[in-house]
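**Student:** Each chain, written out:
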Amino acid sequence: MEFFIQQVINGLTLGGLYALIALGYTMVYGIIQLINFAHGEFFAAGGYMGVILLSFLAAHGYMETHPWFCLFGALLLTMGYCAMLAMAVEKVAYKPLRYASRLSVLLSALGMSIFLQNGLMLTQGVYDKAYPTEFTHGGLDFGLITFSYMQILIVAVTIALLLGLNALVFRTRIGTAMRATAQDKVMSSLVGINSNRIISTTFAIGAALAAAAGIMIGLYYGSVRYDMGFVPGIKAFAAAVLGGIGNITGAMVGGLIIGMVEIFAAGYLSSEYKDVWAFIILIAVLYFMPTGIMGENVDDTRV
Amino acid sequence: MSTTLGSRKVWLYWAAGMAWFYLLLWPLMGIGADGAVSFADSLAVWGYVAAASAALLALRQLHARGAFAAVTSPLARGLAGAKTGMDKVPPAVWWSLALCIAAALPFGSGRYVQDVAINVLIYICLGLGLNVVIGLCGLLDLGYIAFYGVGAYTYALLSIHYAMPFWMALPVAAALAAVAGCIIGYPTLRMRGDYLAIVTLGFGEIVRLILNNWMALTNGPNGILGIRPPTAWWPSFEGTFGFELIQMKKLTALYFVILGLTVLTTIAVHRLNFSRIGRAWEAIREDETAAELMGVNTFRLKLLAYATGAVFGGLAGAFFAARMRFVSPESFTFIESAMVLAMVVLGGMGSIPGVMLGALALVALPEVFRQFELYRMLAFGGAMTVMMLFRPKGLWPAKRFGARSEEMD
Amino acid sequence: MTGTATPILELRDVVTCYGRIQALKGVSLSVMPGEIVTIIGANGAGKSTTLMTICGITPPQSGAVFYQGQRISGLSPDLLPSRGLCQVPEGRRIFPRLTVRENLEMGAFFRRDKDGVQRDLEHVFSLFPVLRERRRQRGGTLSGGEQQMLAIGRALMGRPRMLLLDEPSLGLAPLIVRHIFSIIERINKQEGVTILLVEQNANLALQLASRAYVMETGRVTMEDDARALLANEAIKKAYLGE
Chain A
990 MEFFIQQVIN GLTLGGLYAL IALGYTMVYG IIQLINFAHG EFFAAGGYMG
1040 VILLSFLAAH GYMETHPWFC LFGALLLTMG YCAMLAMAVE KVAYKPLRYA
1090 SRLSVLLSAL GMSIFLQNGL MLTQGVYDKA YPTEFTHGGL DFGLITFSYM
1140 QILIVAVTIA LLLGLNALVF RTRIGTAMRA TAQDKVMSSL VGINSNRIIS
1190 TTFAIGAALA AAAGIMIGLY YGSVRYDMGF VPGIKAFAAA VLGGIGNITG
1240 AMVGGLIIGM VEIFAAGYLS SEYKDVWAFI ILIAVLYFMP TGIMGENVDD
1290 TRV
Chain B
20 MSTTLGSRKV WLYWAAGMAW FYLLLWPLMG IGADGAVSFA DSLAVWGYVA
70 AASAALLALR QLHARGAFAA VTSPLARGLA GAKTGMDKVP PAVWWSLALC
120 IAAALPFGSG RYVQDVAINV LIYICLGLGL NVVIGLCGLL DLGYIAFYGV
170 GAYTYALLSI HYAMPFWMAL PVAAALAAVA GCIIGYPTLR MRGDYLAIVT
220 LGFGEIVRLI LNNWMALTNG PNGILGIRPP TAWWPSFEGT FGFELIQMKK
270 LTALYFVILG LTVLTTIAVH RLNFSRIGRA WEAIREDETA AELMGVNTFR
320 LKLLAYATGA VFGGLAGAFF AARMRFVSPE SFTFIESAMV LAMVVLGGMG
370 SIPGVMLGAL ALVALPEVFR QFELYRMLAF GGAMTVMMLF RPKGLWPAKR
420 FGARSEEMD
Chain C
12 MTGTATPILE LRDVVTCYGR IQALKGVSLS VMPGEIVTII GANGAGKSTT
62 LMTICGITPP QSGAVFYQGQ RISGLSPDLL PSRGLCQVPE GRRIFPRLTV
112 RENLEMGAFF RRDKDGVQRD LEHVFSLFPV LRERRRQRGG TLSGGEQQML
162 AIGRALMGRP RMLLLDEPSL GLAPLIVRHI FSIIERINKQ EGVTILLVEQ
212 NANLALQLAS RAYVMETGRV TMEDDARALL ANEAIKKAYL GE
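Chains as they are written, first to last, in this note's numbering: chain A, 990 to 1292; chain B, 20 to 428; chain C, 12 to 253.
A few of these clues could be false.
To be verified - Listed next, the stretches of chain C that the computed footprint assigns to chain A, with coverage defined by at least 3 CB atoms under 8 Å from CB atoms of chain A:
| hint | stretch |
| --- | --- |
| 1 | 83-96 |
| 2 | 99-108 |
| 3 | 114-124 |
Claimed, not checked - Far from chain A, some chain C residues (derived; all Cβ distances over 10 Å):
| hint | residue |
| --- | --- |
| 4 | P44 |
| 5 | S73 |
| 6 | A184 |
| 7 | P185 |
| 8 | R189 |
| 9 | D236 |
Because the hints were derived from the structure by calculation, they are not lab data.
C-beta atoms are modelled at their ideal positions from N, C-alpha and C, and glycine is treated no differently.
Please construct the entire structure, taking both the sequences and the accompanying hints into account.
**Tutor:** Shown next as structure tokens:
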């Protein structure tokens, strides 16, 4: 029983992170019907920016004096950095191809993904980079179950970001404009919405969320690697599809489900094949209910 | 400057882009793990990129204003003349010429050249196989390397457990790859476009994970050692005249095996391309709904394309196992899929000479620029995006590819 | 024609292509401030393309569009609503998964004056009381007539000086069409909004408009007072079904 509850906690933590990454896929897909292959790389870049900034702060001793301040500062800077990165990628690799065939855009995205991954490798090295994790030890002990401070932090930040995103998309003028652009680009430009700017903003927001997930994964596992974006990227995509691609709430739910399934499969079945489950869910969902569990419509024009 | 080299706006954009680029570059290169801050490295890289992009931009601007017309227009005329001249020669002549050069290559060249040539030919086979799936039928398959892996492991296992000779294992490898193609294709091919891409990517990863984790069968990440090379009956003149079974360990011999496979693959793909099935594939690629309405059984034909591509991948894989005499899951990662894809895209989707050119470029060029080995994948990724931006039909475009969509723009 | 010298909208020899097909083969027309002008013509005559070209969605290959004396062809379409040029496109194009209220707010996307937007929202609700009842409902769930009202309301939220209307009667019951046309007339008379109306229902359009253009296969073939066209035998035969 304790094991079970512990697994639920772990699953929530991981699932929340997948949800953060999945949001980027789903928002970009919702607005320009593109699977942004480079999205996993934004996540990886977030992980690296986190380790760079935190090591910098640790080396200068700020981590000991103001750990929380440093952590949140690094989080914000990382999110900003990845937002800038995503906007640059969008401008260079996707925007000129907006009216090209889908295969071209997809291949361009794939090229960008390889490019960014190797850019990270060249600048940061092929080996794992360790996070400064001294301050993340410890946790709340409830008898046999432990809720580490790191997990509390991750869950709290994830919830805050998800709520923030929901408020942004469903309560603000920009959010409404994003949804309007996703639904009808011609009409949205007829009412004066600059769709290029909205698309750019969407990329930035998605990448910022992925970056937050990257820095938190780094803190959670203690290290990052240049190719860390690939597998979580696919899992998060599976989460987005599971929730119905284009559907923001769906991506959040899908992320949690994928995280839970992965943790439970690793805990009760076999840890070697834990990465397979996301793929199997992805294929099963696409085969049996391509609209996902939340049912955003998926027809020929969107696939 | 700005007035002579084109509009000021372009250069303003360029400057903004470069500033943006530096902001992205510096944190990655300028902050050390020990907290040291430096600017030299990042500025150096930035300087190269800025100079190169400025030069390209300037050339482009000048070109757009016709500044090179004196050079380019005679050049273009010359090229066009050469092309019409070359078109008069029947393609069979060109193919024979290429084959002769390929056949003569191993004589008088060293091990290194032969090794690279074998690699090029393996990738040509893979590229042609993938070309059936993506170039002819328009299905973006990101897990293609899985079939290469299936072929390689099939021969590896048959060889070490049952000592099956290469030539007998070859059809088995092809058949198993085709079966794998059907198993993967059956649930996925009902999806369209980008979903298919990501699902095939997932399947590719599953195959790799199985190879990595099924210790009893595949020996996991350690791989399988001791695979036999291909054998051949070779005339022997010792004593009485006869044939003796020799193992082809020499690179020259292996080279001819893969050359043979390449020729076979090329002919098969060419015949398929201009067959009834090939036309149906093309119809599916250009407009699946229309093809379906015209009575093309799209699902069955897509499955066929997928399985056909898999067969060529399996053949190449079996040869790869025989040539390396060792297989491990390391050789079948997503990056390999992306490499093969890059060849097809770079060369020109649907074009056989294009794919060959692509394979040659992506395998041989890195050998030439050995000292830049580290930057190889970076350049691949960048080249893929740049190709899509400026020349989406590839270096050697297929003649019939997308004629309809061409008309549209 | 009204007395003002410069037209609010002018097209000079506009050619627009879809791929290789010329949809507009040199269209020239002008609209004076305060007028209701209508373009009538059969399916595929290029009426909707004319409006989309004015708004910059399908930019002209050659020729030019002038609005309030300034050339607007070549501008990005999203810059026009803030200059007071709004369109109610064919098929209404309601944002189906936004609520009625959000749809209306999107009409005022470029505006920063919150109080003004709020007042205009009330104004639209007073023009179309049914929208007030449905303000929390998703746009896609409205009936055709309600959607048309919403589309007009959305355009009014941008405080247009000139409104382009594309087939507001399409697929609606006669009673609702009459209601909508009376609202259009009111917008023009009471608020001074210039209107360019594209209609297949030539009879209705000619009764409402002061002047009209007749389009055939990408060209303007006739231009006259609406009343004169109503009496024109050829027009009667071709478009009025008499």
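**Student:** If a hint holds in the structure, say so; if it doesn't, say that too.
**Tutor:** Structure-based check of all given hints:
{"no.": "1", "hint": "83-96", "in the structure": "holds (count 7)"}
{"no.": "2", "hint": "99-108", "in the structure": "holds (count 5)"}
{"no.": "3", "hint": "114-124", "in the structure": "holds (count 5)"}
{"no.": "4", "hint": "P44", "in the structure": "holds (21 Å)"}
{"no.": "5", "hint": "S73", "in the structure": "holds (21 Å)"}
{"no.": "6", "hint": "A184", "in the structure": "holds (24 Å)"}
{"no.": "7", "hint": "P185", "in the structure": "holds (27 Å)"}
{"no.": "8", "hint": "R189", "in the structure": "holds (26 Å)"}
{"no.": "9", "hint": "D236", "in the structure": "holds (30 Å)"}
Going through the hint list in order, the structure satisfies each hint without exception.
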